[in-house]
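Taken in order, these protein sequences are the chains called W and D. Quick note: the first sequence uses my numbering, first residue 118, plus one each step. Quick note: the second sequence uses my numbering, first residue 2, plus one each step.
Please note that the accuracy of each hint is not assured.
[Claimed, not checked] Here are the simulated lysine to aspartate or glutamate pairs, DMTMM-like style, with alpha carbons at most 20 Å apart:
1. D:K409 x W:E348
2. D:K85 x W:D246
3. D:K225 x W:E242
[Stated by the list, open to error] To give a feel for the contact side, a few chain W residues facing chain D, derived at Cβ under 8 Å:
4. M118
5. F122
6. I124
7. Q128
8. R130
9. Q140
10. L147
11. P262
FYI, nobody ran anything at the bench for these hints, they're computed from the structure. Glycine included, every Cβ here is placed at the ideal spot set by N, Cα and C.
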Amino acid sequence: MLESFEIALRQHRIKNREELLKQFSEIFELVETIKPRYAILIDSFYKIFNQAKGHDVERMIRNINKIKKSYCKEMKDLTRSAEKIKANKKTILIYDHSHSVQNALRQLQKKRQKFSVLVAEQDLEKTGDNIAFLHKSNIPFKVVPSYMVSHLEDSIDMAFFGAVTFQEGGRFVMDPGSKSIISQLRLEKKPIYLFLTTSKFSLWPVKDVKKQVHVKSDIRNHHHFEEVAFERLKFSHDRVPVDLVDHVVTEKGIFNPEQTKKEFASLMKTRKEERSRLELP
Amino acid sequence: MLLHTLLDPYHLPIAIGVFTFTFLAIIFDLFDKAVVAMAGAILLILLGVLNFDQAIEAINFEIIALLAAMMIIVEIAQQSGFFKELNFKLAKYSKGNPFLIFLFFTLITAFGSAFLDNVTTILIVVPITVALVRGLGYNPFIFVVAEIMFSNIGGAWTLIGDPPNVLVGTEVGISFNSFLVNLSIPIGLSLLLVLLAFYATNWKILRPIHHNLPKLLMSNVLLKKIEYQHKNVKLNKAFIWKVLLILGFTILGFLLQFKLGLPIAVIASAGAFLLMLVVHKKIHVHQVFSTVEWTTLGFFGGLFIIVEGLAKTGILEIFAQWLVTSTSNFNLLILLILWGSGLLSTLINNIPFVTVMIPILFTVVGHFSGHPHADILWWALILGAALGGNGTMIGASANVIGVDLARKDGVKITFLSYLKYSLPITLITLVISSAYLLIWATYF
Numbered sequence: 118m119l120e121s122f123e124i125a126l127r128q129h130r131i132k133n134r135e136e137l138l139k140q141f142s143e144i145f146e147l148v149e150t151i152k153p154r155y156a157i158l159i160d161s162f163y164k165i166f167n168q169a170k171g172h173d174v175e176r177m178i179r180n181i182n183k184i185k186k187s188y189c190k191e192m193k194d195l196t197r198s199a200e201k202i203k204a205n206k207k208t209i210l211i212y213d214h215s216h217s218v219q220n221a222l223r224q225l226q227k228k229r230q231k232f233s234v235l236v237a238e239q240d241l242e243k244t245g246d247n248i249a250f251l252h253k254s255n256i257p258f259k260v261v262p263s264y265m266v267s268h269l270e271d272s273i274d275m276a277f278f279g280a281v282t283f284q285e286g287g288r289f290v291m292d293p294g295s296k297s298i299i300s301q302l303r304l305e306k307k308p309i310y311l312f313l314t315t316s317k318f319s320l321w322p323v324k325d326v327k328k329q330v331h332v333k334s335d336i337r338n339h340h341h342f343e344e345v346a347f348e349r350l351k352f353s354h355d356r357v358p359v360d361l362v363d364h365v366v367t368e369k370g371i372f373n374p375e376q377t378k379k380e381f382a383s384l385m386k387t388r389k390e391e392r393s394r395l396e397l398p
Numbered sequence: 002m003l004l005h006t007l008l009d010p011y012h013l014p015i016a017i018g019v020f021t022f023t024f025l026a027i028i029f030d031l032f033d034k035a036v037v038a039m040a041g042a043i044l045l046i047l048l049g050v051l052n053f054d055q056a057i058e059a060i061n062f063e064i065i066a067l068l069a070a071m072m073i074i075v076e077i078a079q080q081s082g083f084f085k086e087l088n089f090k091l092a093k094y095s096k097g098n099p100f101l102i103f104l105f106f107t108l109i110t111a112f113g114s115a116f117l118d119n120v121t122t123i124l125i126v127v128p129i130t131v132a133l134v135r136g137l138g139y140n141p142f143i144f145v146v147a148e149i150m151f152s153n154i155g156g157a158w159t160l161i162g163d164p165p166n167v168l169v170g171t172e173v174g175i176s177f178n179s180f181l182v183n184l185s186i187p188i189g190l191s192l193l194l195v196l197l198a199f200y201a202t203n204w205k206i207l208r209p210i211h212h213n214l215p216k217l218l219m220s221n222v223l224l225k226k227i228e229y230q231h232k233n234v235k236l237n238k239a240f241i242w243k244v245l246l247i248l249g250f251t252i253l254g255f256l257l258q259f260k261l262g263l264p265i266a267v268i269a270s271a272g273a274f275l276l277m278l279v280v281h282k283k284i285h286v287h288q289v290f291s292t293v294e295w296t297t298l299g300f301f302g303g304l305f306i307i308v309e310g311l312a313k314t315g316i317l318e319i320f321a322q323w324l325v326t327s328t329s330n331f332n333l334l335i336l337l338i339l340w341g342s343g344l345l346s347t348l349i350n351n352i353p354f355v356t357v358m359i360p361i362l363f364t365v366v367g368h369f370s371g372h373p374h375a376d377i378l379w380w381a382l383i384l385g386a387a388l389g390g391n392g393t394m395i396g397a398s399a400n401v402i403g404v405d406l407a408r409k410d411g412v413k414i415t416f417l418s419y420l421k422y423s424l425p426i427t428l429i430t431l432v433i434s435s436a437y438l439l440i441w442a443t444y445f
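Work out the full structure, taking the sequences as your base and the hints as a guide.
And the structure:
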């Protein structure tokens with residue numbers, strides 16, 4: 118998004134300052150409406166705008182590059198935190214498609230830890246991407262349908278997950294299906310690692326939790342080609358309590374659930390103070 | 002044999018009855034069109050209108066072989082990832098600008114349809130256009146409608162662009178080059194004017210977005226997404242180059258057809274089988290053959306037999322004589338054939354129509370054999386049938402497929418909303434063709 122904004126700023130030909138400010142406001146509205154709301158994104162846009170006072174486009178572009186660099190550094194630091202995980206000769210289950218998890222696996226491999234990966238299948242595209250990554254990285258792997266993970270519980274030593282964000286109330290927003298696998302592994306006392314940079318925390322109060330349900334009318338042939346019509350429900354995300362996770366790997370180190378909650382509260386307080394000082398369009 | 006002797010006096014009504022039923026069943030989509038055509042053909046043999054040998058002789062295997070070969074080449078080209086790569090490049094170079102997206106995709110559709118099957122072209126371009134345009138926050142309606150129309154106009158340009166062209170080209174013996182030489186002006190002009198008409202009537206949607214920062218942002222976000230998805234697709238460049246090389250050689254073969262002294266189907270088949278040999282490690286031959294549209298080929302085979310049945314009864318000869326005697330004015334006859342085939346093709350499938358018209362037009366052209374421009378009547382039929390196909394949502398297969406694809410992606414195209422654009426555009430293109438053919442007949 119930031120890279121796209123940088124390109125858009127280079128491409129635009131708006132001379133009128135007022136028109137430019139009006140269009141910035143439209144972009145802020147757009148960024149605010151993206152669900153789930155990403156603090157990393159919203160805050161970046163406010164920072165870019167405020168530091169450049171909304172009209173110095175060159176300065177805005179410089180700020181974008183600065184922010185991009187800082188996020189890259191965060192990701193590197195998170196990967197470095199992951200080095201502490203002892204994964205040698207272990208089997209790691211992965212489920213969702215997360216760059217943080219992929220970077221962590223690559224880092225562990227770099228540090229000469231020899232492990233294998235079990236990919237629990239979700240949708241074709243994401244599973245396919247995980248397979249492509251593991252194949253390219255020369256990491257040994259097997260694939261299992263996610264509803265059959267219970268058959269391999271004994272062979273799983275730990276599980277790695279990514280998340281979209283972490284919300285007030287101590288819940289991670291994750292890919293659908295994550296909660297059942299995490300609960301299942303939790304029951305078997307398998308260590309669960311979750312990888313997320315703190316800039317992705319949603320640092321504002323959760324007003325109401327709206328479930329995004331996709332209802333689709335479906336017709337299928339069942340029993341001697343008789344057509345059966347029904348509603349097929351699909352959910353966009355799972356919300357998983359932090360207490361179900363053992364370790365949260367961030368750029369600041371590896372936290373347990375309590376430390377994660379504390380870190381969230383502290384960041385939320387700081388952000389609130391900073392935002393009150395910002396001039397919003 | 003006894004049955005055949007008994008039915009001998011009734012061959013005329015039987016042939017007309019089978020033909021009428023087949024035509025109506027195709028128009029109203031009562032059965033699969035290939036099944037109807039082949040069933041009609043079998044019925045004519047069973048009732049003794051044609052014997053088996055006559056029926057087999059009626060089938061123009063040059064057309065069947067040409068279509069099958071081109072389907073194989075297109076399928077392998079699709080498997081190579083070339084079309085995906087091309088679509089990605091177009092999206093990238095457009096920079097998300099609707100003005101350029103419209104220009105690139107309509108022109109590539111027209112050009113692609115000239116050398117590939119119209120339906121294949123639509124199947125390739127429509128899904129990515131819908132994804133791209135919708136991602137930018139626009140309604141893809143106008144883009145899809147334009148692509149369908151450019152596909153039909155572009156398809157009219159070459160011998161292999163549209164099945165009616167293949168029919169006329171191979172039956173009459175018109176070369177690939179003749180199509181290019183004689184149709185470049187009306188098709189080029191039609192493309193230009195239709196393009197301008199679309200820009201003029203949809204300027205609000207199609208104008209450049211340099212002055213709209215939110216739209217620029219969304220375009221770039223979408224392009225980044227497409228770029229990311231594309232990065233994960235491993236392209237085999239050697240495979241693509243082999244496909245392009247052999248496709249290029251095949252088209253070169255079409256252009257040099259008369260110098261080579263080979264039927265066009267032989268050139269296409271040579272291209273198809275050479276391609277399969279060269280890339281045999283990259284393809285599954287069974288799968289490639291399974292993608293050949295055997296139903297379309299069966300439909301053609303059945304139609305040839307049904308039309309032969311009609312011809313044998315002499316009714317086509319009678320109709321041709323009526324057409325010739327209806328006017329002594331050659332220019333009027335050109336317009337009659339152009340507009341008649343154009344208007345009929347807006348509603349009925351132009352393949353059976355052209356199949357019936359070929360034997361009729363042979364008689365008419367024969368009657369005007371002394372006229373220096375008698376051949377223009379063939380061009381009137383070709384242009385009318387191809388451009389008339391744009392007229393309504395059901396006028397050509399590409400229209401039906403394009404509308405269906407768009408509908409699957411949530412773009413609503415109704416018969417009337419399509420007609421709002423298709424009717425004036427069909428009229429524009431038929432007027433351009435009329436002017437071109439009349440100038441050709443009168444001044445050259």
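Problem set entry | Ascending list of hint numbers which this structure does not respect | 11
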